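Work from the hints to combine the two standalone chains into their complex.
Protein chains in written order, with the working numbering: chain L, 145 to 672; chain B, 16 to 310.
Worth flagging that the hints you see were computed from the coordinates, not collected in a lab.
As the structure is a prediction and not an experimental result, all values here were calculated from the model.
Where a beta carbon is used, it is the ideal one built from N, C-alpha and C, also for glycine.
Be careful, since some hints might not be right.
Stated by the list, open to error - Chain B stretches covered by chain L per the calculated footprint, using a threshold of three residues with CB under 8 Å from any CB of chain L: (1) 19–26; (2) 52–60; (3) 84–91; (4) 253–265.
Stated by the list, open to error - Computed list of chain L residues with no C-beta within reach of chain B, every gap over 10 Å: (5) V279; (6) S329; (7) H374; (8) W408; (9) S423; (10) F427; (11) L519; (12) V571.
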Amino acid sequence: MKFTARSTHSLVWRQILASTAVIALVLVIVIRVNEAAFYSSGGARGLTAVVVLLKNPAISALYGRAASLRTAGAFVAWKTGMYLALAAAVWAALMATRVTRGAEDDESWDLLVVGRRGRGRALATVIAVLGEGGVVLGAVTFLTLILKTPDVLSCVLFSLGITGVAWCGAAIGLIVSQVVAPRRSASQVALSAVGLMFLVRMIADSSNSAGWLRWLTIFGWLENLGSFQHHAPWWIAAFLVIPVLVAGAVWRIQRGRDLGCARWTRGDRAAPRTALLGSAWGFSWRERRSTLTAWSIGLVAFGLIIGYLTHALVAFCRSNPAYVRLLDRLGFSIIITAKGFVGEVCFTMTLAVSFMVLAMLVMLASDDQQGRLDLPLANGTGRLTWMLSAVVATSLGTLMVSLLCGLSIWAGVEASGTSMKFWYPLVGMVNAVSTTPLLTGVAVLFITIVKRFAYISLAALVALTYLLALLGPILHWPHWLLLSSPFYYLRLVPAQSPNWGAIVVCSAIGLVVGAGGFYRFSRADLGS
Amino acid sequence: MSVHAIEAKELTKMFGQVRAVDSLNLTVDAGEAVGFLGSNGAGKSTTLRLLLGLLRPTSGEATILAHPAGSPLARQHVAYVPGDVALWPQLTGREAIGLLGSLHGSMDHGYRDHLFEQFELDPEKRIRAYSKGNRQKVAIIAAFATRADVLLLDEPTSGLDPLMERVFRDCVVEALARGQAILLSSHMLSEVEHLCARVAMIRQGHLVTIADVEDLRSHVGLEFDIVGTVGDLSGVPGVSDFTLTSDGVHLQLVGPPGPLLVALASQQVTSLRTREASLEEIFLSYYDQAAPATP
Numbered sequence: 145m146k147f148t149a150r151s152t153h154s155l156v157w158r159q160i161l162a163s164t165a166v167i168a169l170v171l172v173i174v175i176r177v178n179e180a181a182f183y184s185s186g187g188a189r190g191l192t193a194v195v196v197l198l199k200n201p202a203i204s205a206l207y208g209r210a211a212s213l214r215t216a217g218a219f220v221a222w223k224t225g226m227y228l229a230l231a232a233a234v235w236a237a238l239m240a241t242r243v244t245r246g247a248e249d250d251e252s253w254d255l256l257v258v259g260r261r262g263r264g265r266a267l268a269t270v271i272a273v274l275g276e277g278g279v280v281l282g283a284v285t286f287l288t289l290i291l292k293t294p295d296v297l298s299c300v301l302f303s304l305g306i307t308g309v310a311w312c313g314a315a316i317g318l319i320v321s322q323v324v325a326p327r328r329s330a331s332q333v334a335l336s337a338v339g340l341m342f343l344v345r346m347i348a349d350s351s352n353s354a355g356w357l358r359w360l361t362i363f364g365w366l367e368n369l370g371s372f373q374h375h376a377p378w379w380i381a382a383f384l385v386i387p388v389l390v391a392g393a394v395w396r397i398q399r400g401r402d403l404g405c406a407r408w409t410r411g412d413r414a415a416p417r418t419a420l421l422g423s424a425w426g427f428s429w430r431e432r433r434s435t436l437t438a439w440s441i442g443l444v445a446f447g448l449i450i451g452y453l454t455h456a457l458v459a460f461c462r463s464n465p466a467y468v469r470l471l472d473r474l475g476f477s478i479i480i481t482a483k484g485f486v487g488e489v490c491f492t493m494t495l496a497v498s499f500m501v502l503a504m505l506v507m508l509a510s511d512d513q514q515g516r517l518d519l520p521l522a523n524g525t526g527r528l529t530w531m532l533s534a535v536v537a538t539s540l541g542t543l544m545v546s547l548l549c550g551l552s553i554w555a556g557v558e559a560s561g562t563s564m565k566f567w568y569p570l571v572g573m574v575n576a577v578s579t580t581p582l583l584t585g586v587a588v589l590f591i592t593i594v595k596r597f598a599y600i601s602l603a604a605l606v607a608l609t610y611l612l613a614l615l616g617p618i619l620h621w622p623h624w625l626l627l628s629s630p631f632y633y634l635r636l637v638p639a640q641s642p643n644w645g646a647i648v649v650c651s652a653i654g655l656v657v658g659a660g661g662f663y664r665f666s667r668a669d670l671g672s
Numbered sequence: 016m017s018v019h020a021i022e023a024k025e026l027t028k029m030f031g032q033v034r035a036v037d038s039l040n041l042t043v044d045a046g047e048a049v050g051f052l053g054s055n056g057a058g059k060s061t062t063l064r065l066l067l068g069l070l071r072p073t074s075g076e077a078t079i080l081a082h083p084a085g086s087p088l089a090r091q092h093v094a095y096v097p098g099d100v101a102l103w104p105q106l107t108g109r110e111a112i113g114l115l116g117s118l119h120g121s122m123d124h125g126y127r128d129h130l131f132e133q134f135e136l137d138p139e140k141r142i143r144a145y146s147k148g149n150r151q152k153v154a155i156i157a158a159f160a161t162r163a164d165v166l167l168l169d170e171p172t173s174g175l176d177p178l179m180e181r182v183f184r185d186c187v188v189e190a191l192a193r194g195q196a197i198l199l200s201s202h203m204l205s206e207v208e209h210l211c212a213r214v215a216m217i218r219q220g221h222l223v224t225i226a227d228v229e230d231l232r233s234h235v236g237l238e239f240d241i242v243g244t245v246g247d248l249s250g251v252p253g254v255s256d257f258t259l260t261s262d263g264v265h266l267q268l269v270g271p272p273g274p275l276l277v278a279l280a281s282q283q284v285t286s287l288r289t290r291e292a293s294l295e296e297i298f299l300s301y302y303d304q305a306a307p308a309t310p
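Looking at chain B on its own, in the form it has when it is part of the complex (with noise of 0.2 Å):
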């Protein structure tokens, strides 16, 4: 049986009366990135926390490559990059990167320089000298520099500007040749999107789901604008949210395009225009459909 990189089984984190993760279950693989995406406060820093051993779970459990996570065999191959980089002020970035590389035991000192060039990252500066992206930067660094197993990730990018979140996407490209895995927490949807094949949503502590994007994508189906004299289509099998607009109609299409083809082909279609939902768009029907009933 193959070892899961990451895996969360059950696991649920009580702050007091407040259920920040509740029952969660989750497993990221060797060579997988997946996207951890939430609305803020819904528990993704917290489950990344509890895969770090920052906090202790309140039940379930959580491992890392098999050994549970915050044990001294689990972060032997765990890096972090938080969203909000708090360091010691007066040391300079390659002094704080040394630091870390010397207590997580490894450290690819060829990497490193490559990435500081990468980044553009000036390293001989005092942390309380730099910029928020770029203390962010020396996270990062420190991160991949290690070159570990697991790379857990939480909002890395924010601060950054777009060429360095290109830069970024290049270190994560990388990984995943290379084999490690990695878990993603990001509102950047895009940049998820780009490098995650699966993404798990979470909402008040709760996954929504895990799957593929092609996968969700599937479910949420396909955009059509259709221009010209079109009739209802409302009742063909697989169509929803069928609109009138200006010049023809708008619909949504979930399962086989057969049966619309086929209504449309009796149709005075002058074009037709077919589009993916995005992450977002995924995201958001999700997040929509997982919302409480409001009274």
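Bound conformation, chain L alone (with noise of 0.2 Å):
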């Protein structure tokens, strides 16, 4: 019975060690730029005038309250803590769905637990696994931190706080997966869940009246804890209760479950809906549409409503000569205008956009491991039509998607009062989404090498990239390590012009590459 509970622990493990992998050397790397930041700024006495920033709705909103920034690992719970949470949650609530709705879509459960295992042993299992990745995330932070930031306490509850957040982010995604299926369901599902605690605690932090709302959701109960700040142990009592609520939840509803089932599905009979079925084009567009939709609703909230905090983010630099001092000295000066600060929102929105680029052309990849494209290629459809297909639903989503995220930032900006030209954000989000060609060039070549791990390994070289031209240039890391990035590149627009000569470059750079893409493709042995 041990050799038979160890085995399956072994094998839960096993499908979630690369992706743990990844998210731990993120942490770690984020953990690190960020403290090399706080060094270069002239730590704790260079930072004096972002404290009174602190207060300030606008930044609150983006990345939580904080009193001071004392230590390398106060300013690193500020200025990350939410966002590194925020993919502690992600990788959770994906892991979960991934190793309980999807082993039984693909049956792989029902070998599983038909031995002397069980379904509730199993499960157990796979409650455990998931929670010893969340322990090990919060142990990588720890151990991070701790070698800058000796403040043994405060370390142990940001760290506890991200263990505690990716156990409620797994407790999510195991949830929905007893209630929704198939697998890319539920991952929506439980990634919208996460997203929407996300814009809640931005919400909640973004006004003093609306505070109660931080209760709500994880990424409040994250900010109460207080590392770093005011220490309040007792919040860790709420990631210990609701994952073990939750997981008392999910026992009760797979007991009463068929195996293979969701307990609330659409009906297994459904009128035809042959709209988008006479070609591979429509196809391509009817299958990204539900992921294309949950992304737009997620990214045009985002847009609102840090949009809405425009007004309240410039008065305030305005007001505040010390603070546009720094912000010049490190190279910022340009938010403190609604136009500079809307090019910085587009900016941050970019990496949004990658993540949902990437997801939509990895589903070819998935398609093809499982088995799905014999069909279709066996019968008439050609491989390059397929993969054209996909690359161009995937871009005209990308650009709705862009003006849609446009119009939703302009829609809070004049909410907040602030006037504004509609186009403004528009031509800030299209030129955001510039680096798209590229991405695209690269993910279709990546595919068609690598396909089990073709999302993580693509999203952790995005948000590496990403970070390099975030913060190296505040490191003063090389140039030529710079220039690498594809969003060193972007200019804030619309306070700055579109940089037309690198977009034209990084463009044909990823034609380029699709092309080579294109041709693997072309060459390749399909389902193996």
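Put into structure tokens, the structure is as follows:
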């Protein structure tokens, strides 16, 4: 019995190991880079002017609340804590849907549970492994932070917060997997839930009257822990109690449903909807439509909230000359104008849009892996047509989302009482997605080489090159290194003019690399 | 010179150091069904995927109606049924078949609806709600309703019940009557025996034989169970596998029966039963012959 339990345990670990390693690596890099940024800005004394900024609602919405930045750890927790927690929650939610709903979809779960283990024990093993994954992320965070910030209690609290958020993310993924099928839908619902919690936290931090909303979101609980601030360790209880309650609910639900079926599924029968089934082009759009919708809703909501904060941030900057001087020193003085801030927002959204592009392109790799391409490609459609239709659907979708985001930012800015021409954010977003041709080209080539870990590998590459462009100039990293990031060439449109030369060169590189991907796809063995 | 519906010339596929298909030569003509037999991992599915253009050959060539396998012209003439059907789970059966028909460019809607009835498939159900057998029916209906000139069928009846297997056989018979060419890979030897005039056997990537079933039978011979007092017939030309049984003898005869009948005329025979070798016995016989010698 012990051997069986150990085997199941290792089997589940093998499924999450690679992504856990990548997320852990990203945590380490982000923390170390931001610590370096702290010291290069003159440490606690150099950031005195920034402390005033912590009270600004726009900054609180973006980064969370903080009262002081005395240590490198405090700076890291404030500047990146929310985003590291978001990454941990997303990772955990996706892994939970993968090892439960995904395993039921591909029927590997059947083999696992028919033996002596049974469904209950197998589920317990999965929960344990996801819990251990969260602990690994927390431990990595602690060990990285403690090297530069010997404030053990604060480091422990922050790391426990990361673990707790990961546990809650896993709990969301687990419960959604019980009620939604197939895996792709379950992942979208789980990610939407995590994204919604993040937005609720942003709203909660944008005004004192909405502060109670922090109780409703795991990211609010992380703030309430007060690591590096006021220390409120009792909030750890929330991170323990909620996952345990959810695990109990998951246990009960799985006992009351058939294996392979979700509790709430759309009916097994449906009237035929033949729209967009007439060609590979239409089907590629249809296949990506729900992913596009989910991302659009999240990004539009983010754009509205962040646009609404424009007035508060710009007014604050104008009334704090010391802060403006600091921003100038860091090369960010441009954001003290509404146009500059909108440009910065668009630059930030580039990262999210890039992840969306990857999510839509990687469907090609997962369809191939699961053998879904065999029938369409045997039944008449050419490989290049199929791949091109995926690229076109992704590109059109990206353009559409970027325009919607631009409009939502504009609506937010207008609602805040700042007047702005509606096309400013639109051009800002179009400029922001000008990296898409390069990203698409690289992704197309990459997924013909690596199918299994395509998304996580590409997402890590995007995150690291983005970080390079964001922090490299502040940390005076070598120029050649900065030039390797496509995000480095992005200008803050509409405050600055687009970097047409870079856009053309990057797009041309994307085209050439993408052509290599098309060539490889046309020659590759499918389904192997 | 007539064009073969399917032709493989020295077709070879390597996966790393493993030779999955080795210099395979095969032809299938219009209106002909060829059974493709082999053990698990022998290279049947790999051969079919090479013919579909889903895998690229290491060397050699494959053509469909003289067009290179996988080329746009070849794909227009091919329909495929895999042994394990993977489709988008949120689509209904009708939507999936509609999609595959659109991608193929042709679909006989009347025949498709007829097949829905024959296979008793509820086409408004989502793929995820189908059993394995019903998913298999979706692929079968999509393939046959395209009326493609060439049908590549890889374990098409896996998961189908015996009644549905019979419906499938009717479809194949009808397709053959229309002049469609069929390469049928199957472990169900009775199915192959019933539908295919020729069979190809593959073992570890090598084509062991390709011949008419009747020719193969004549090579394997007739089984004789003779009851009575019978002497040693092992020296009679064509007789092999001569064994004594409790009430007579059992033997196998390859070649003309004359010498055996002459020898039996002088024996006290109470009864005599003959039986042709089944395809299963032929298959095992060829496989045993082709098996590498064990030390």
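For each hint, the structure was consulted:
no.	hint	result
1	19–26	violated (count 0)
2	52–60	violated (count 0)
3	84–91	holds (count 3)
4	253–265	violated (count 0)
5	V279	34 Å, holds
6	S329	8 Å, violated
7	H374	48 Å, holds
8	W408	14 Å, holds
9	S423	6 Å, violated
10	F427	6 Å, violated
11	L519	6 Å, violated
12	V571	37 Å, holds
Hints 1, 2, 4, 6, 9, 10, 11 from the earlier list are contradicted by this structure; the remaining hints agree with it.
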